[in-house]
Amino acid sequence: SSMKASMSDPCDIVVFAAHPDDAELCCGGLLAKAALQGRRAAVVDLTRGELGSLGTPEIRASEAAAAAKVLGLAERRNLALPDGAVRDTDDNRRLVVRTIRELRPQIVLCPPVVDHHPDHMGVAELVRQSFYLCGIRKFLPELSPWKPKTLLHYFGSRPMNPQLVVDISAVIDVKMRAVRCYESQFASSQPADFPLRIASGRFLESIEATVKYYGSLIGVAYGEPFTSELPLPIDDLAGLFGIEPWKDR
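Quick note on numbering: the working numbering labels position 166 of the sequence shown as 166, and the sequence is numbered without any gaps.
Hints were generated in silico from the structure; no laboratory data involved.
Misleading hints may appear alongside valid ones.
Claimed, not checked - No more than 20 Å apart at the CA atoms, straight line, and that leaves these computed lysine to aspartate or glutamate pairs for EDC-like:
#, residue 1, residue 2
1, LYS69, ASP12
2, LYS138, GLU102
3, LYS147, ASP235
4, LYS149, GLU183
5, LYS69, GLU125
6, LYS147, GLU183
7, LYS69, GLU183
8, LYS138, ASP167
9, LYS149, ASP235
10, LYS149, ASP12
11, LYS147, GLU229
12, LYS212, ASP173
13, LYS149, GLU244
14, LYS149, GLU58
15, LYS149, ASP236
16, LYS147, GLU244
17, LYS69, GLU58
18, LYS149, GLU125
19, LYS147, ASP9
20, LYS212, GLU244
21, LYS212, ASP167
22, LYS147, GLU125
23, LYS138, ASP90
24, LYS69, ASP235
What the hints assert, rightly or not - DEER-style ranges, computed between Cβ atoms:
#, residue 1, residue 2, range
25, LEU217, PHE241, 34 to 44 Å
26, LEU36, TYR213, 20 to 30 Å
27, LEU140, ASP9, 17 to 27 Å
28, LEU232, GLU58, 22 to 32 Å
29, LEU133, ASN161, 20 to 30 Å
30, ASP90, ARG202, 33 to 43 Å
All residues carry an ideal CB built from backbone N, CA and C; glycine is no exception.
With the hints as constraints, model all of the structure from the sequences given.
Shown next, in the form of structure tokens:
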């Protein structure tokens with residue numbers, strides 16, 4: 001069930017994710033940090049994850065609600081599109097544009113454009129196109145247009161050269177606690193007939209190793225990487241002077 005934000009409460013950050021647990025795995029640290037800094041963060045899961053080999057959509061919905069509490073999310077929604085078939089269609093664009101206009105975020109996050117999972121690529125393309133359309137006054141004219149400032153892509157299964165790495169060292173435990181809410185996905189015993197990478201126990205280690213690696217690029221313990229297809233503008237130079245260099249660079 002989605003908690004409807006009142007029109008006076010826009011969200012600061014909205015993460016679009018293909019399946020419940022993607023947002024936690026890829027940007028749970030950013031979300032936890034946003035909440036701690038008094039920002040309103042929301043996650044929009046596009047499917048209920050019903051194709052997953054482990055768990056059920058009902059179990060995953062309750063796990064997603066538990067993870068939302070751990071992260072301190074202002075809102076979480078599920079658009080209930082068919083798992084395995086998330087595509088950039090006109091109907092889906094209307095759904096995503098409506099969602100962005102209702103939540104009114106400054107920053108939108110979505111999966112990388114190239115990834116091993118067709119749904120991740122489907123969400124990336126769908127959100128890219130909807131990001132543009134939600135600022136067009138005559139597109140769904142019954143809802144006021146809304147232009148978010150920035151579209152960022154979080155990490156997926158391919159190596160990336162991020163423009164932006166967020167230091168999540170202070171919230172790595174919160175991130176991993178949110179991930180571990182998905183007991184059906186990560187705490188289940190391995191099905192003998194159908195070995196799954198995510199149930200191997202090594203999967204969560206590999207997630208920690210990934211954010212350790214991206215943290216190392218900026219000289220911190222843990223970092224979450226993000227890419228932007230456009231240069232990120234700086235006007236107030238405080239943003240530039242606020243960058244902490246490596247102590248030993």
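Cross-check of the supplied hints:
1. LYS69 with ASP12: 17 Å, holds
2. LYS138 with GLU102: Distance ~16 Å between LYS138 and GLU102 Cα, so the pair holds.
3. LYS147 with ASP235: 19 Å, holds
4. LYS149 with GLU183: 35 Å, violated
5. LYS69 with GLU125: 29 Å, violated
6. LYS147 with GLU183: Given that 20 Å is the threshold and the Cα spacing comes to 37 Å, the pair is violated.
7. LYS69 with GLU183: 15 Å, holds
8. LYS138 with ASP167: 40 Å, violated
9. LYS149 with ASP235: 14 Å, holds
10. LYS149 with ASP12: Given pair LYS149, ASP12 holds - Cα atoms ~10 Å apart, limit 20 Å.
11. LYS147 with GLU229: With Cα atoms ~16 Å apart, LYS147 and GLU229 stay inside 20 Å; holds.
12. LYS212 with ASP173: Roughly 13 Å separates the two Cα atoms, so the pair holds.
13. LYS149 with GLU244: 24 Å, violated
14. LYS149 with GLU58: Outside the cut-off at roughly 34 Å; violated.
15. LYS149 with ASP236: 15 Å, holds
16. LYS147 with GLU244: 30 Å, violated
17. LYS69 with GLU58: Status holds; Cα separation ~17 Å.
18. LYS149 with GLU125: Status holds; Cα separation ~18 Å.
19. LYS147 with ASP9: With Cα atoms ~16 Å apart, LYS147 and ASP9 stay inside 20 Å; holds.
20. LYS212 with GLU244: 18 Å, holds
21. LYS212 with ASP167: 10 Å, holds
22. LYS147 with GLU125: Since the Cα atoms of LYS147 and GLU125 sit roughly 17 Å apart, the hinted pair holds (cutoff 20 Å).
23. LYS138 with ASP90: Given that 20 Å is the threshold and the Cα spacing comes to 15 Å, the pair holds.
24. LYS69 with ASP235: 35 Å, violated
25. LEU217 with PHE241: 34 to 44 Å: Since LEU217 and PHE241 have Cβ atoms about 20 Å apart, the given range 34 to 44 Å is violated.
26. LEU36 with TYR213: 20 to 30 Å: Taking Cβ atoms as reference, LEU36 and TYR213 lie about 24 Å apart, which means the hint holds.
27. LEU140 with ASP9: 17 to 27 Å: Given a distance of about 21 Å, which is inside 17 to 27 Å, the answer is holds.
28. LEU232 with GLU58: 22 to 32 Å: 40 Å, violated
29. LEU133 with ASN161: 20 to 30 Å: Since LEU133 and ASN161 have Cβ atoms about 28 Å apart, the given range 20 to 30 Å holds.
30. ASP90 with ARG202: 33 to 43 Å: For ARG202 against ASP90, whose Cβ atoms are near 41 Å apart, the range 33 to 43 Å holds.
In this structure, the hints that do not hold are numbers 4, 5, 6, 8, 13, 14, 16, 24, 25, 28, in rising order.
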